[in-house]
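K.L.:
Just so you know, the sequences run in chain order G and B. According to this note's numbering, the first sequence is numbered sequentially starting from 63. According to this note's numbering, the second sequence is numbered sequentially starting from 6.
Hints are all accurate, no fakes.
DSSO-like mimics (lysine-lysine), calculated; alpha carbons at most 30 Å apart, straight line: (1) B:80 <-> G:125; (2) B:112 <-> B:52; (3) B:9 <-> B:89; (4) G:71 <-> G:116; (5) G:124 <-> B:98; (6) B:96 <-> G:147; (7) G:124 <-> B:80; (8) B:131 <-> B:92; (9) G:148 <-> B:9; (10) B:92 <-> G:94; (11) B:136 <-> G:145; (12) B:112 <-> B:9; (13) G:116 <-> G:145; (14) G:124 <-> G:71; (15) B:53 <-> B:131; (16) G:77 <-> B:96; (17) B:96 <-> B:52; (18) B:136 <-> G:125; (19) B:9 <-> B:113; (20) B:136 <-> G:147; (21) B:53 <-> B:9; (22) G:145 <-> B:80; (23) B:89 <-> G:77.
Quick caveat, the hints were computed from the structure, so don't treat them as lab data.
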Amino acid sequence: MSMSPDELKNLKADKVVDARGTSCPGPLLAAKRAISSVPVGGILEVLSSDPGTKRDLPLWAKKMGHEFLGVIEEPGYSRIFIKRKK
Amino acid sequence: MPDKMCLTIMSGSIDRLTGAAILASGAVSMDMEVEIFLQLWGVYAFKKDVMHQNMNLSEFGELGEKVAQRIQELKLPMWFELLKQAKELGKVKIYACSLAANIWNVKKEDLELVDDIIGAGEWIEKMREGKINLFI
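Given these sequences and hints, build the entire structure.
P.N.:
Following this line, the structure appears as structure tokens:
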């Protein structure tokens, strides 16, 4: 279930990965690397300026059994929120 | 058992190798295993004395310099660095075709990132188990 932008803005991520400036598949690889350092139930926030990432990461989360929470659009980049489920 | 993607790489040009490396990284990220089989020019591009010097582009040759410049501007790693990363992050095996190895007169030790030298029959059996099979 995706969260509203207001709910997302109030989230405190356990880990923030800044993948801005890297291109596909850089942000996806960054998420894969980072998720193991987030506690189960915790939240990973990925910053990406690659337009593919906000569509890649929900698919990745589904495949890996994590929960995609939503995206906040900022000028020039996206903030993508994933909850680690296992 | 995770799904598997099989890439048969005939090309030795860096545009195609980059495309293949990006797919391999993507597949590893999506929790797939990746197996790569190198044929003629693919094996050549993985030779230790060729890999880092290779600037060959197969298509739109006159645009090659522009592409190389954009790759640098975008901070995209070189294709062999992407493959190295993919190997660190997931299960990626790279095989060289035994016939091509004979043609270039190389052993496994003469090639970078290559795990083994195998024949076509074994590769067919590996591809039979592949969920995604591509020829590049």
